[in-house]
Structure formats: C-alpha cells, structure tokens
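**Q** Spelled out from the first residue to the last, the chains are:
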Amino acid sequence: MNAPSEFLDYGPDALILAGLNGRNWGLGDYIARGGYEALKKILAEKVAPANVIAEVKKSGLRGRGGAGFPTGLKWSFMPQQYSGDKYLVCNSDEGEPGTFKDRDILRYNPHILIEGMAIAAYAMGCKRGYNYVHGEIWDTYERCEEALEEAYQAGLLGDNILGSGFSFHLYNCHGYGAYICGEETALLESLEGKKGMPRFKPPFPASVGMYGKPTTINNTETFAAVPWIIRKGGEAFLNLGRPNNGGTKIFSVTGDVERPGNFEVKLGLPFASLLDMAGGMRGGHKLKACIPGGSSMPVLPADIMMATDMDYDSIAKAGSMLGSGAVIIMDETRCMVRSLLRLSYFYFEESCGQCTPCREGTGWLWRVVNRIEHGQGRNEDLDLLISVSDNIAGRTICALGDAAALPVKSFIKHFRDEFQYHIDHKQCLVPAYV
Amino acid sequence: MCRALRTGSLVNRLIMLSSDALKRIDREIAKYPPEHRQSAVIAALAIAQDEHAWLSTETMDFVAHYLGMPPIAVYEVATFYEMFDTEPTGKYKLTICTNLPCALSSAAQAAAHLKQKLGIDFGETTADGLFTLKEGECFGACGDAPVVLVNNKRMCSWMKPEQLDGLIAELSAEAKR
Ligand SMILES: Cc1cc2nc3c(=O)[nH]c(=O)nc-3n(C[C@H](O)[C@H](O)[C@H](O)COP(=O)(O)O)c2cc1C
Ligand code: SF4
Ligand code: FES
Chain W
1 MNAPSEFLDY GPDALILAGL NGRNWGLGDY IARGGYEALK KILAEKVAPA
51 NVIAEVKKSG LRGRGGAGFP TGLKWSFMPQ QYSGDKYLVC NSDEGEPGTF
101 KDRDILRYNP HILIEGMAIA AYAMGCKRGY NYVHGEIWDT YERCEEALEE
151 AYQAGLLGDN ILGSGFSFHL YNCHGYGAYI CGEETALLES LEGKKGMPRF
201 KPPFPASVGM YGKPTTINNT ETFAAVPWII RKGGEAFLNL GRPNNGGTKI
251 FSVTGDVERP GNFEVKLGLP FASLLDMAGG MRGGHKLKAC IPGGSSMPVL
301 PADIMMATDM DYDSIAKAGS MLGSGAVIIM DETRCMVRSL LRLSYFYFEE
351 SCGQCTPCRE GTGWLWRVVN RIEHGQGRNE DLDLLISVSD NIAGRTICAL
401 GDAAALPVKS FIKHFRDEFQ YHIDHKQCLV PAYV
Chain X
1 MCRALRTGSL VNRLIMLSSD ALKRIDREIA KYPPEHRQSA VIAALAIAQD
51 EHAWLSTETM DFVAHYLGMP PIAVYEVATF YEMFDTEPTG KYKLTICTNL
101 PCALSSAAQA AAHLKQKLGI DFGETTADGL FTLKEGECFG ACGDAPVVLV
151 NNKRMCSWMK PEQLDGLIAE LSAEAKR
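Residue numbers (this note's numbering), protein chains in the order written: chain W, 1 to 434; chain X, 1 to 177.
Don't read these hints as lab results, they were simulated from the structure. It cannot be assumed that every hint is accurate.
Stated by the list, open to error - Straight-line Cα separation of at most 27 Å, DSSO-like style, residue types lysine-lysine; simulated pairs:
| no. | chain 1 | residue 1 | chain 2 | residue 2 |
| --- | --- | --- | --- | --- |
| 1 | W | Lys-409 | W | Lys-426 |
| 2 | W | Lys-127 | X | Lys-160 |
| 3 | X | Lys-153 | W | Lys-195 |
| 4 | X | Lys-134 | W | Lys-194 |
| 5 | W | Lys-194 | X | Lys-23 |
| 6 | W | Lys-213 | X | Lys-31 |
| 7 | W | Lys-40 | X | Lys-134 |
| 8 | X | Lys-93 | W | Lys-194 |
| 9 | W | Lys-195 | X | Lys-134 |
| 10 | X | Lys-23 | W | Lys-127 |
| 11 | X | Lys-31 | W | Lys-194 |
| 12 | W | Lys-58 | W | Lys-40 |
| 13 | X | Lys-31 | W | Lys-195 |
| 14 | W | Lys-286 | X | Lys-160 |
| 15 | W | Lys-286 | W | Lys-232 |
| 16 | X | Lys-153 | W | Lys-194 |
| 17 | X | Lys-117 | X | Lys-31 |
| 18 | W | Lys-195 | X | Lys-23 |
| 19 | W | Lys-266 | W | Lys-286 |
| 20 | W | Lys-195 | X | Lys-93 |
Unchecked claim - To give an idea of the interface, some chain X residues facing chain W are shown, with a C-beta separation under 10 Å as derived from the structure:
| no. | residue |
| --- | --- |
| 21 | Ser-19 |
| 22 | Lys-31 |
| 23 | Pro-34 |
| 24 | Glu-137 |
| 25 | Cys-138 |
| 26 | Ala-141 |
Unchecked claim - A few chain X residues that face chain W, going by a derived Cβ cut-off under 7 Å, partial list only:
| no. | residue |
| --- | --- |
| 27 | Gln-38 |
| 28 | Val-41 |
| 29 | Met-83 |
| 30 | Thr-86 |
| 31 | Asn-99 |
| 32 | Pro-101 |
| 33 | Lys-153 |
These numbers come from a predicted model, not from an experiment. All residues carry an ideal CB built from backbone N, CA and C; glycine is no exception.
Sequences and hints are given; from them, build the entire structure.
**A** Given below as structure tokens:
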C-alpha cells in the first residue's frame with residue numbers, strides 16, 4: 001500500500017472522508033467514528049424499507065458516478081414484491097480520467113461503503129451484492145477484502161445480521177483494465193464473466209440486471225453517503241448543499257494546481273474556493289481552462305469557470321457537467337490541441353466497438369486531431385470534427401460515444417483560434433509536452 | 001455440458017496451475033451462485049497470469065475447462081481486458097498512465113525518461129527480457145501522477161525520473177538474485 005500523503009486534508013466539511021489519517025480504516029476505528037450506527041438503528045427499529053428509500057429521496061442525493069441520477073428514485077424502481085433474487089452492485093471501477101475519489105473511500109474508509117451497501121440492500125430487499133473494483137488498484141482491492149472479512153466476523157454481513165433476520169452477502173470482485181466496464185451494463189456483463197460490452201437500454205437493470213434479475217447499481221461515493229443520511233436525516237443532508245443538489249461531494253482536483261488531491265465540500269461551493277483548497281494555480285500561472293467533471297465532459301474557459309459554483313445545476317448552466325467530480329485544471333502554457341489529442345486517443349482506444357458510429361467515429365476524431373497537431377491540418381478539418389461528433393452523439397448504445405464527442409465540440413467552441421493557428425501555421429502556440 | 005468438457009482435448013485436462021492457485025480460484029468461484037462459475041473468469045485468469053507471467057492458449061484452455069466455459073469465451077475475455085497478456089512479456093511489465101490528468105503532472109516526461117533509460121518504445125521488451133513497457137489509461141490514481149504499475153499489482157506513485165531510476169535499479173537487482 002502506498003504511503004498516505006503526509007496529511008489527508010479533505011477539507012472542513014468532509015463527511016465521508018472525515019477524520020481519516022490513512023491508517024484508521026479498520027472496523028474498530030470506523031465504529032469509533034459512529035460507524036454502523038445507522039445500520040444497527042434500522043435493523044433494531046425494523047424501519048420499513050420504503051421509509052429508508054423515502055429518507056434517501058428527501059436527501060436530494062444524486063448519483064456520484066457520472067450521470068447524477070437521483071438515488072432514492074433509482075432505488076424505488078426495484079420491484080418490491082419480486083420474490084426471486086435481487087442484486088446490489090457497487091461501481092468502484094473508477095476509470096474516468098481525473099477521478100480518484102472512490103479509491104480513497106475504499107482504502108481509507110472501506111466500512112462506510114459496506115454499511116451503505118447493507119442499508120441499500122435492506123431497503124431494496126437484495127440478498128447478494130458485489131463491489132466491482134478497478135483492476136489497477138490492487139492494494140486497494142486487498143484492503144476491501146480485509147474490511148469485508150472484518151464485517152463478516154463481526155456479524156455485520158452474512159446470514160441473520162445482528163440477529164435481525166435480515167441477510168446480506170457482499171463480495172468484492174475486480175476488473176482487469178477496461179474503462180468501458182464503468183458503464184453499468186458493461187459492468188454487469190463483466191460480472192457475468194464476459195467481455196464488457198454495454199447492453200441496450202431499456203430494459204434497465206432494475207428490471208433485467210445481473211443474471212437477468214432486478215439489480216441496482218450505484219457508485220461507491222453514492223453508497224458511502226447513505227449512512228450519514230440515515231443517521232442525521234435526509235433533510236440535514238439536503239441542507240448541506242442546495243435544492244436538488246444535496247450534501248457534500250468529493251472533487252478530485254488534478255492538473256496545474258499546487259496540491260492535487262481529493263476535497264470533499266458542500267455542493268454549491270464556488271469554483272474559486274475549490275481552487276484555493278487545492279493550493280491555487282501551480283507556480284503562479286494563470287488559469288486557462290478547466291474540465292469540471294472528468295474527461296468526458298465539456299471543457300470550459302477560465303472566465304466561465306471562475307464564475308461557476310460546484311454543483312450539478314450550476315455546472316450544467318455554465319455549459320458542462322459535474323460528472324464524476326474530476327476537476328482538471330490547465331494553465332496558459334497548455335496546448336489545447338495536444339490535450340484534446342490525448343483524450344481522443346483514449347476514447348478511440350476504449351471504445352468497445354459494437355456500435356459503428358462510436359467505433360469508426362472515435363478513430364476518425366483521433367486521426368483528424370492528430371493531423372492538426374502534427375502540422376497536416378486542413379482548413380475544413382474543424383467543421384469535419386464537429387460533423388463527426390454530431391454523428392456519434394446520441395446514436396450509440398452507451399454514453400461512451402457522447403463522452404468522446406462532447407469534449408471535441410467544446411474544445412473547438414472555446415479554443416477555435418488555437419486549432420486554427422495549428423492549421424494555418426503548422427505549429428503550436430505553446431511548445432510544451434501537453 | 002459445455003463443449004470444452006465434452007470434447008476437451010488432453011491439454012484441457014492437464015493441471016496447468018498450482019494447488020495454491022486452484023484454491024484461490026475456488027474461493028473466487030464461491031462468490032457466485034453455483035450455476036454461474038463463469039463469473040469468476042477474470043479473477044481466474046488473473047491468478048493464472050500471476051503464476052505463468054502470461055496467458056498461453058494451454059493456460060486459457062485449462063481455465064475454460066475448470067470453469068466449464070467454451071475456450072473461445074475465455075479467449076474473448078483474455079483479449080478484451082488490457083491487463084491480460086496473451087503474448088510473453090518481460091519479467092517486469094511496467095505500465096505508465098499517460099492520460100491527460102497525469103500528463104499535466106509530468107507523466108509524459110516520465111514516460112520519455114523510461115523509454116530512453118530502457119532503450120525501448122511502448123509495447124516493446126528489452127533485449128535481456130527484463131522489462132516490457134506499456135502505455136496505460138487512467139488507473140484511478142491521478143492525484144499520485146506520474147504512476148507506474150509493476151506487473152499489474154504494485155502501484156508506484158509520484159514517479160519522477162529519480163524514482164524511476166531507483167525502481168529500475170531495484171528490479172534489476174531483484175532479477176539477479
Ligand atoms: C463510458 C462510461 C464509463 C463510466 N464509468 C463509471 C465509473 O467508472 N464509475 C461509476 O460509478 N460510474 C461510471 N459510469 C456511470 C455508470 O454507468 C452509472 O451511471 C453509475 O455507476 C450509476 O451510479 P450512480 O447513480 O450512483 O452514479 C460510466 C458511464 C459510462 C457511459
Ligand atoms: S458507444 Fe462505443 S463503447 Fe458504448 S457500446 Fe457503442 S461502441 Fe461500445
Ligand atoms: S489519468 Fe493517470 S491515473 Fe488517472
């Protein structure tokens with residue numbers, strides 16, 4: 001396990017990552033922080049599952065994995081009367097470039113996920129759950145296995161949990177290097193032991209999910225927010241953030257800042273304050289651009305970003321999306337063509353290939369950006385890029401197609417001059433690595 | 001019964017893995033309902049790869065037989081997921097993430113340093129068979145950039161040229177032992 005950074009300062013408003021020092025991840029430490037109180041409470045008081053879901057609805061919690069779908073609503077789609085097996089799945093396949101928050105939850109506070117999943121399983125009547133961990137973070141996966149073992153030993157998982165009659169079996173499993181498996185239906189295919197090729201929706205996983213059974217999939221951070229909501233109430237959580245944007249959110253800040261890292265803040269924090277928490281711009285440089293929600297989201301120029309607050313609705317109004325909460329910061333020394341080239345390569349490389357617009361389109365985008373970057377751009381190329389993007393977005397099975405197209409359009413929209421300069425002068429404005 | 005079991009060639013039936021590896025695979029299989037042994041295929045292939053360094057057809061056939069899957073379904077999985085190697089690699093496979101967030105924190109320079117130091121490009125193996133260099137996509141560890149994975153399992157963080165030199169020296173010494 002990597003040594004934790006000298007200090008784990010996630011910010012004063014942290015709930016999920018509060019009080020962590022990199023070593024106090026064990027069951028005893030978690031219980032000392034108030035852990036498992038929420039689970040014990042609902043089991044002891046035999047709270048009706050529908051009331052647990054109602055509390056989560058009230059909290060305004062929205063999915064932290066990318067799409068921001070209201071969690072309580074998603075949970076209510078699970079058929080309550082269904083008598084067969086129902087599954088609960090945690091999406092810990094964190095692979096969206098710029099995002100590394102779930103890893104810190106899993107390695108430094110794994111029991112909060114276990115408790116959150118147990119509560120969710122109780123609410124939806126799931127007897128089995130799987131936590132699908134990104135393949136590259138092996139030491140974190142092993143940490144999850146240790147934590148699970150502790151929870152089983154303490155009777156917090158398994159049959160008849162704490163004598164309540166409620167049973168829930170949770171298992172860890174892992175991917176092995178495929179970004180697309182973060183897409184929920186690709187993840188299900190992977191869990192079933194197949195290539196991670198997304199399924200057509202509908203039917204949605206709540207009707208036909210793992211092994212064809214009703215399944216709910218949430219992101220790690222989404223589940224991790226649940227114990228606090230049950231303990232303190234949905235309304236308290238909502239009030240931390242803004243209407244429709246409840247609670248805290250972990251932002252992973254990377255790029256040209258003094259102190260890249262994770263920061264858990266109340267939704268609605270001004271972007272400028274988040275930038276300050278990350279130590280400000282590296283080396284006193286100037287902010288040029290920011291991708292506020294992971295590489296799949298549109299890039300925004302400095303002036304728009306500086307006027308934006310960090311919540312789902314504000315970022316959407318500014319023209320991008322909060323996504324997974326990965327905030328990628330670029331200063332004035334960065335070349336936008338080169339940056340887009342690297343992202344385009346990624347989507348080309350990770351397309352699963354089953355839809356023609358995505359398979360062919362991502363390759364096309366990459367080749368055209370590549371020739372612009374290498375001094376072979378043609379005058380019509382910018383319009384060509386936009387037309388190819390338009391022909392991918394909305395025409396594919398999963399959202400990877402959109403994820404490849406949206407950045408291209410936004411880079412050209414906000415930094416068209418820079419692309420044009422490359423085409424006209426066959427060279428870059430800023431001769432940097434990126 | 002699946003085809004692998006019915007027509008299983010002799011090679012399918014040879015035990016390709018140690019008893020320890022089989023025990024670990026059994027533990028993975030037990031995580032799923034008994035009729036869904038196939039769900040353990042990624043874990044099983046990862047365990048097999050740890051033991052043999054890469055996945056030969058024989059190894060994959062054995063995993064197919066063990067899980068009751070058609071061999072082709074196992075090949076599909078092994079070639080879909082980036083971290084599996086269906087060709088021999090060097091003793092140490094170094095994968096470095098060069099995606100944009102890491103590149104903004106010197107990953108491109110780190111990759112260039114590794115290439116120059118080892119005298120190979122991405123996708124190549126050094127003449128002495130010690131190192132294979134691969135370009136990776138986001139490991140979910142971008143805050144630690146540059147990040148290098150050694151043989152899929154060991155993650156090395158904040159790898160500036162000095163630390164990269166240290167890692168190469170350490171692994172070279174380990175190989176001699
Ligand atoms: C290409 C692609 C990659 C994705 N990667 C992830 C991921 O790594 N982690 C994640 O939680 N969700 C990811 N998602 C979103 C999931 O499909 C799904 O919406 C999410 O896990 C639902 O959980 P939530 O409602 O709690 O956010 C991805 C989606 C797409 C289209
Ligand atoms: S959009 Fe791309 S990644 Fe998604 S299913 Fe289609 S080809 Fe696969
Ligand atoms: S971009 Fe390199 S680890 Fe995420």
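**Q** Check whether the Cα positions of Lys-153 of chain X and Lys-195 of chain W lie no farther apart than 27 Å.
**A** 21 Å, holds
**Q** For the pair supplied as a hint, Lys-93 of chain X and Lys-194 of chain W, is the alpha-carbon distance within the 27 Å limit?
**A** Given pair Lys-93 of chain X, Lys-194 of chain W holds - Cα atoms ~25 Å apart, limit 27 Å.
**Q** Given the hint that Lys-31 of chain X pairs with Lys-195 of chain W, does the C-alpha gap stay at or below 27 Å?
**A** The given pair, whose Cα atoms are some 19 Å apart, holds under the 27 Å limit.
**Q** With the threshold set at 27 Å, check whether the alpha-carbon distance from Lys-31 of chain X to Lys-194 of chain W stays at or below it.
**A** 16 Å, holds
**Q** Taking only the CA atoms, is the gap from Lys-194 of chain W to Lys-23 of chain X under or equal to 27 Å?
**A** 22 Å, holds
**Q** Is the shortest C-beta separation between Pro-34 of chain X and chain W less than 10 Å?
**A** Violated, about 12 Å.
**Q** With a cut-off of 7 Å on the beta carbons, see whether Met-83 of chain X makes it to chain W.
**A** 4 Å, holds
**Q** Going straight from one Cα to the other, do Lys-153 of chain X and Lys-194 of chain W come out at no more than 27 Å?
**A** 22 Å, holds
**Q** Return the status of the interface hint for Lys-31 of chain X: holds when the least beta-carbon distance to chain W is below 10 Å, violated otherwise.
**A** Holds, about 4 Å.
**Q** Within a Cα-Cα threshold of 27 Å, do Lys-409 of chain W and Lys-426 of chain W meet the stated pairing?
**A** It holds: about 21 Å lies between the C-alpha atoms, which stays within 27 Å.
**Q** Hinted pair, alpha-carbon criterion (27 Å max): Lys-213 of chain W, Lys-31 of chain X. Please report holds or violated.
**A** 17 Å, holds
**Q** Given a cut of 7 Å on the nearest C-beta pair, is the interface hint for Gln-38 of chain X held or broken against chain W?
**A** Nearest chain W Cβ about 4 Å off; hint holds.
The structure shown violates the earlier hints numbered 2, 7, 15, 17, 21, 23, 30.
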